[in-house]
Amino acid sequence: MRNKVLKLDEAASWVHSGASISIGGFTSQRHPTALLRELIRQRVKDLTVYYHSAGSDLDLLIGAGCVHRLEGAYLADGVFAPIAPNFRRFVESSRIEFEDYTNAAMMARFAAGAMGLPFLPTRSMLGTDMMPGRQGSSVEPGKTAGRSGCKALEMACPFSGELLALVPAVRSDFCLLHVQQASANGLLRIEGQEFLDVQQALAATTVIATCEELVDEEILRREPERNRIPSFAVHAVVPVPFGAHPHGVHNHYDYDPEHLRRYNTAAKSDAAFAEYLEQFVFGAASHDAYLQAVGGPERLAQLCPCQGVGYNPLLKRSV
Amino acid sequence: MRNKVLKLDEAASWVHSGASISIGGFTSQRHPTALLRELIRQRVKDLTVYYHSAGSDLDLLIGAGCVHRLEGAYLADGVFAPIAPNFRRFVESSRIEFEDYTNAAMMARFAAGAMGLPFLPTRSMLGTDMMPGRQGSSVEPGKTAGRSGCKALEMACPFSGELLALVPAVRSDFCLLHVQQASANGLLRIEGQEFLDVQQALAATTVIATCEELVDEEILRREPERNRIPSFAVHAVVPVPFGAHPHGVHNHYDYDPEHLRRYNTAAKSDAAFAEYLEQFVFGAASHDAYLQAVGGPERLAQLCPCQGVGYNPLLKRSV
Amino acid sequence: MNKRRCSTMEIMAVAAAREIRDREVVFAGTGLPMLATMLAQQTHAPDCVIVFEAGAIDPRMLHLPMSVGDSRTLVGAAQAAGLFEIFNYVLQGGRVDVGFLGGAQIDRYGNINSTGIGPDRQRPAVRLPGSGGSADVAALSRRTVIIAHHQRRRFPLRVDYCTSPGWIDGGATRRAAGIYGGGPAAVVTTMGVIRYREPTKNPYLASYHPGIDAQQVQRETGFELDISEALETQPPSAEELDILRHQIDPERIFLK
Amino acid sequence: MNKRRCSTMEIMAVAAAREIRDREVVFAGTGLPMLATMLAQQTHAPDCVIVFEAGAIDPRMLHLPMSVGDSRTLVGAAQAAGLFEIFNYVLQGGRVDVGFLGGAQIDRYGNINSTGIGPDRQRPAVRLPGSGGSADVAALSRRTVIIAHHQRRRFPLRVDYCTSPGWIDGGATRRAAGIYGGGPAAVVTTMGVIRYREPTKNPYLASYHPGIDAQQVQRETGFELDISEALETQPPSAEELDILRHQIDPERIFLK
Chain A
1 MRNKVLKLDE AASWVHSGAS ISIGGFTSQR HPTALLRELI RQRVKDLTVY
51 YHSAGSDLDL LIGAGCVHRL EGAYLADGVF APIAPNFRRF VESSRIEFED
101 YTNAAMMARF AAGAMGLPFL PTRSMLGTDM MPGRQGSSVE PGKTAGRSGC
151 KALEMACPFS GELLALVPAV RSDFCLLHVQ QASANGLLRI EGQEFLDVQQ
201 ALAATTVIAT CEELVDEEIL RREPERNRIP SFAVHAVVPV PFGAHPHGVH
251 NHYDYDPEHL RRYNTAAKSD AAFAEYLEQF VFGAASHDAY LQAVGGPERL
301 AQLCPCQGVG YNPLLKRSV
Chain B
1001 MRNKVLKLDE AASWVHSGAS ISIGGFTSQR HPTALLRELI RQRVKDLTVY
1051 YHSAGSDLDL LIGAGCVHRL EGAYLADGVF APIAPNFRRF VESSRIEFED
1101 YTNAAMMARF AAGAMGLPFL PTRSMLGTDM MPGRQGSSVE PGKTAGRSGC
1151 KALEMACPFS GELLALVPAV RSDFCLLHVQ QASANGLLRI EGQEFLDVQQ
1201 ALAATTVIAT CEELVDEEIL RREPERNRIP SFAVHAVVPV PFGAHPHGVH
1251 NHYDYDPEHL RRYNTAAKSD AAFAEYLEQF VFGAASHDAY LQAVGGPERL
1301 AQLCPCQGVG YNPLLKRSV
Chain C
2001 MNKRRCSTME IMAVAAAREI RDREVVFAGT GLPMLATMLA QQTHAPDCVI
2051 VFEAGAIDPR MLHLPMSVGD SRTLVGAAQA AGLFEIFNYV LQGGRVDVGF
2101 LGGAQIDRYG NINSTGIGPD RQRPAVRLPG SGGSADVAAL SRRTVIIAHH
2151 QRRRFPLRVD YCTSPGWIDG GATRRAAGIY GGGPAAVVTT MGVIRYREPT
2201 KNPYLASYHP GIDAQQVQRE TGFELDISEA LETQPPSAEE LDILRHQIDP
2251 ERIFLK
Chain D
3001 MNKRRCSTME IMAVAAAREI RDREVVFAGT GLPMLATMLA QQTHAPDCVI
3051 VFEAGAIDPR MLHLPMSVGD SRTLVGAAQA AGLFEIFNYV LQGGRVDVGF
3101 LGGAQIDRYG NINSTGIGPD RQRPAVRLPG SGGSADVAAL SRRTVIIAHH
3151 QRRRFPLRVD YCTSPGWIDG GATRRAAGIY GGGPAAVVTT MGVIRYREPT
3201 KNPYLASYHP GIDAQQVQRE TGFELDISEA LETQPPSAEE LDILRHQIDP
3251 ERIFLK
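Protein sequence lines, in the order shown, are assigned to chains A, B, C and D.
Residues in the first sequence are numbered consecutively from 1, following this note's numbering.
Residues in the second sequence are numbered consecutively from 1001, following this note's numbering.
Residues in the third sequence are numbered consecutively from 2001, following this note's numbering.
Residues in the fourth sequence are numbered consecutively from 3001, following this note's numbering.
If you're looking for bench data, these hints aren't it; they were derived computationally from the structure.
Any given hint could turn out to be false.
Here are some of the chain D residues that sit facing chain A, going by a computed Cβ distance under 10 Å [unchecked claim]:
1. ILE3057
2. GLY3076
3. PHE3087
4. ARG3095
5. GLU3229
Calculated pairs, DSSO-like style, for lysine-lysine (alpha carbon to alpha carbon, straight line, at most 30 Å) [claimed, not checked]:
6. B/LYS1007 x B/LYS1045
7. A/LYS7 x A/LYS45
8. A/LYS316 x A/LYS268
9. B/LYS1268 x D/LYS3256
10. A/LYS4 x A/LYS45
11. B/LYS1045 x B/LYS1268
12. B/LYS1316 x B/LYS1268
13. A/LYS268 x C/LYS2256
14. A/LYS268 x A/LYS45
15. A/LYS316 x C/LYS2256
16. D/LYS3256 x B/LYS1316
Computed from a prediction, not measured in an experiment: that's the story for all the values here.
Quick reminder that beta carbons are idealized off the backbone N, C-alpha and C, glycines included.
Can you build the whole structure from these sequences, using the hints too?
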């Protein structure tokens, strides 16, 4: 078996400016946030990001000026931010390209990429202003997303005659994931919801997985039903405890409501966000320094779950 | 929660003559064979069967005269039968309709049905004589499989220009499965390979699951990552220990090489197979009687696995 | 029950819960739909099943999730799957009976905008979060229930951007767009409950909440609403309020 | 090594094993391909990964499976998945380096028939099992290795039914049929090893097994085979035979 373990800065250095990426996780859960902060420190620019339901993971990259183009479905952070603040500001001031799909359409696009198909059909998208050529569409057919330059197409099913939307596959240069456990050889174990991590990983040329724990592969092989991403599809493994903070990791730690509120407040203006970046990304030049900056072991202990429920039932969440 | 537990004969009586079905499992593993024997006892006829890689489960139904039409990819039983004998005889004597696909194409057809789509594209099938209109095809477009009457179509991808085959969804009236564990409410747990059971179940209007063990649903809910078929898609649960014999069930019992050899020898002629049916299906009028007929507790004990490997390493398999 | 003792959010949660029938499969998003579904499970619909797009199926939640990806959606769950399974096998597979939706704008035919406000699609006056699963739920559930803050600017004649199709332009236009199932059954707002007539799909006010009258609802609505048959919304029972306040949202995460 | 001490099956298993390189992903079916892959893992390709279409990925098998669905494919496996994952994510996703194939007829361009013998497709003289995953592996692996019993009737100029596409009609016809990857790299038979020339894809005899000569191979082949450069197949080493006989198939399930 191969040893694919890298340090955080080494793994981040693989991601070049201009690359296309997708990021694992969902809204406030299981994002590879430590890796994203390292991308920002390394001044990666001009990323194209494919996403479904992103949160302050992607919003952080946007606010740090790393992103040139977005194709996805949802950017918000639940109760903490009904609209992701940097996303909103960058769109409203025309500082970023974007193309809107639905979650099911992005799921189909990633799944098509994972399945080696150039497109998948979906019953969604029809009748919405996301379809090209619609009165409300931001783009015309042949002008945008997909390798072919086409966002989506309508087709009558040749078998049934029913209308369907076809959406083009996503193939990204990188997929950045955070999982609970990984072996040095790249076998990954996700606990709780998978979100779309399996399909996102398999739709990428290169997969970088950060993990809470590096474990002996023999342990993961005892329950082969629970491993969903083949190790031959994973290229780098980076052990980063608390690597998703301020987002939660099922069975490891809860999201951090205090920090998410702080983030979403700061992200409402360029000036405040520059201060946030200075304090938590550039000023905290390593993951350890970041963890200190957000409250250190004392705060992290408050996020730790009760055995049996995967989160901390006593966590103070309301203001 | 609802109680969906039925007796074997009650569940079998749901399957009417003329129905379309699919059968869970793969070659010599995890077929609902006890349920199939009960269908034969109840004289179900004219079934259309959708399958991928079937073994002596489907061959048994064919030999018993239950099947009118087949659409699938492979009918054999590994080392025990390089060609399923009843299938071979029935086809060679024109006693059954059939249409050939590949495993990937049948997978795509079941997946399309499960996903609520009328078709899926595949990169397989192209260049083979399974494509309608090919020199070697048994059928012309517009003459056969699928609700639309079309077996498969070639299409140039509207995004990439690449050629693809489109295959129509399978929606079967019934899916008959055998799993390791089920709750009364219809939550199923498969151990080991899933084969295509999840997609076959979700592509059916009615799902009947036989199981080795009926367990408290709370036990299954402790590992929600390992449950792949929602209980709302499952309609009947039938506890049938050794319900897959002579096929194997991972972690429960091995396939029975002696009986599989006996089966495949008998299935080579109508006369011998009639005797087989008399002895093991009609003459053994219940599952308990069948288990006695194949050797009773003494033989079954020889099939039981070693903890840790899921099969019996000491089983005598070669002749 | 003294009407003044319950909040608008509580009235809405109860009204939304009543849209759910027992044994139904419910696709619930963050916030009020979660409250409503959990309330339905603890009252008249004990065997309704919740699914969350992030992957949880049929949980028995002990604490209110702050988003659909929250670990709290997994307690006692029958399945922990992912978006692939939920969108393909559950939603597009036709298993969802009722889907909950929200949005910044809801128009005359129940079309929803959660993408952007203003005429310029590439430079909206307000950029909203985007569809997420909303357009998918709108197209693929057997029926939908929309939750909305009732203000005239949020109820325009026509949405600026159709994120999630409702009855499109009324009549058979939804079907003509290629959408086979569903459509909005009710819009539960801060002021009342709107439903749609057959076969025109024209909206009517089915009920107004206690303390509000039908004319007030019309004034806060940017399109014509038939108010001729509107009745007062049946107020929450003491039991419903007790469950909402003390069992479902004691942290006051969504209930204000 | 005394050549007479090893069987044809053993020579074939060793020749097939040598087609696998280290770290490759191998799609293996029942029988000789399993022996070959397990042998490769225990000799020159310790990090090659086996996948089985029924769902097992990267096992460390202790006992030889009798079919690809066998529980024995799961010992020490990295994943227990299913056909959906294997065919979509692994095979069609382009992850398979080498796929093994067999069949009743192999023609000049490595097209395989495992469906039916005879001119009448609806009433074949011999009905075979069908494609299974064979056509899929033939189309979607980076390259394939075909295992075959070398008899003239099994090596016709043209297969009666093209189940699994090889080089179709030679030249660029495979690509023209819409098949982007792969194609047969070798046919390991009971008599020798056939390969294909670029760019015509015409077959040539690369080697004949010990005890057989090139003319014999041509006589048992129903199409013209360039035998001008054929050498003797390198015989199994003592170590290879020992591993095959004592570790991989001590039950003599496939080795005859």
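Starting from A/LYS316, check that the Cα of C/LYS2256 is at most 30 Å away, please.
Holds, because 17 Å separates the two Cα atoms, which is no more than 30 Å.
A/LYS7 and A/LYS45 were given as a pair; does the straight-line alpha-carbon distance stay at or below 30 Å?
holds (21 Å)
Please work out if A/LYS4 and A/LYS45 have their alpha carbons no farther apart than 30 Å.
holds (26 Å)
Can we keep the D/GLY3076 interface hint, with Cβ of chain A closer than 10 Å?
For D/GLY3076, the interface hint holds, since the closest Cβ of chain A sits about 6 Å away, which is under 10 Å.
Does B/LYS1316 lie within 30 Å of D/LYS3256 when you go C-alpha to C-alpha?
holds (17 Å)
Holds or violated: D/ILE3057 as interface residue toward chain A, Cβ cutoff 10 Å?
holds (6 Å)
Pair hint A/LYS316 and A/LYS268, alpha-carbon separation not exceeding 30 Å:
holds (24 Å)
Given pair status - B/LYS1268, B/LYS1316, alpha carbons within 30 Å
holds (24 Å)
Assess, step by step, whether the Cα of B/LYS1007 is no farther than 30 Å from the Cα of B/LYS1045, and give holds or violated.
holds (21 Å)
A/LYS268 paired with A/LYS45 [C-alpha distance capped at 30 Å]:
Roughly 21 Å between the alpha carbons, so the hint for A/LYS268 and A/LYS45 holds.
30 Å limit on alpha-carbon distance, applied to hinted pair B/LYS1268 and D/LYS3256
holds (24 Å)
Pair hint outcome, A/LYS268 versus C/LYS2256 [Cα-Cα no greater than 30 Å]:
It holds: about 24 Å lies between the C-alpha atoms, which stays within 30 Å.
Violated hints amount to a single one, hint 5; each of the other numbered hints is respected by the structure.
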